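Visitor: Heads up, our numbering is the position in the sequence shown plus 1, with the first residue counted as 1.
Derived from the structure by calculation, the hints contain no laboratory data. These numbers come from a predicted model, not from an experiment. Incorrect hints may appear among the rest.
[To be verified] In silico DSS-like cross-links for lysine-lysine, where the CA-CA straight-line distance does not exceed 30 Å:
(1) K178 - K117
(2) K142 - K117
(3) K117 - K53
(4) K178 - K53
(5) K53 - K142
(6) K178 - K142
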Amino acid sequence: MSVRIESTADRQFGTNSYLVEDEVTHDAVVIDANLEPEDMVELVRDHGANVKAILLTHTDIDHVGGLAALLAAFGPIPVAVHDAERQVVSDGTPLRREFGSHTGPVENVVSLVEGKNFRAGSLAFEVLHTPGHSPGGVTLKIGDNLFTGDALFAGSIGRSDFSNSDGRALLEGISAKLLSQPDGLVVYSGHGPATTIGRERRTNPFLR
Numbered sequence: 002m003s004v005r006i007e008s009t010a011d012r013q014f015g016t017n018s019y020l021v022e023d024e025v026t027h028d029a030v031v032i033d034a035n036l037e038p039e040d041m042v043e044l045v046r047d048h049g050a051n052v053k054a055i056l057l058t059h060t061d062i063d064h065v066g067g068l069a070a071l072l073a074a075f076g077p078i079p080v081a082v083h084d085a086e087r088q089v090v091s092d093g094t095p096l097r098r099e100f101g102s103h104t105g106p107v108e109n110v111v112s113l114v115e116g117k118n119f120r121a122g123s124l125a126f127e128v129l130h131t132p133g134h135s136p137g138g139v140t141l142k143i144g145d146n147l148f149t150g151d152a153l154f155a156g157s158i159g160r161s162d163f164s165n166s167d168g169r170a171l172l173e174g175i176s177a178k179l180l181s182q183p184d185g186l187v188v189y190s191g192h193g194p195a196t197t198i199g200r201e202r203r204t205n206p207f208l209r
């Protein structure tokens, strides 16, 4: 399968939202819903993509703040999230006690389960549970591409100083689930530029 990957980033947090599209069928998903969803809506329309689902790497406000606008544009498509953070989306429950509620309830919520591929039209994603930044943090793998959310960045790793974060779990998950991947896999993070597993293995100062 050949997939096209393009991104938008909001100006407030520099949070990346990704459009992943099957170049043959034009089936697509959006990964994460940043705070400027209108840019993603325009990108989808420019491509003529058929968005089948929205996948969430986790549910911090900068990754879910655009959900309502995306659902208004694309219809009541499934929103997929790990069960550890399901209530943030289904009930509008805050992820962090440090912050208030930031999204209204969403009806069509489905689960991202480690070891079970998530299918959206012709696309299939492997789900890797990579908690630590947040309890339900996941990495989504399709082909030679990894969408790591706020677990692994180019030259850095996610914050683990929130009340429901776990720094040890974050490093263990990166080591076991991500650094075990081939060097050539491309890493698309929640913030910042793309990188590769090999580059992060060699140069990331937080992984030494």
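Visitor: Decide, hint by hint, whether the structure agrees.
Guide: Against the structure, the hints come out as follows:
At most 30 Å may separate the alpha-carbon atoms for a hinted pair to count; K178 and K117 meet this at roughly 15 Å. The hinted pair formed by K142 and K117 meets the criterion: a straight-line CA distance of about 12 Å does not exceed 30 Å. Between K117 and K53 the CA atoms are separated by roughly 18 Å; this keeps the pair inside 30 Å, and the hint holds. In summary, the hint linking K178 to K53 is supported, as the alpha carbons are separated by about 26 Å, within the 30 Å threshold.
Between K53 and K142, the direct Cα distance comes to roughly 17 Å. Compliance with the 30 Å bound is thereby established for this hinted pair. Among the hinted pairs, K178 with K142 is consistent with the structure: their alpha-carbon atoms are about 11 Å apart, no more than 30 Å.
In the structure shown, no violation is registered for any of the earlier numbered hints.
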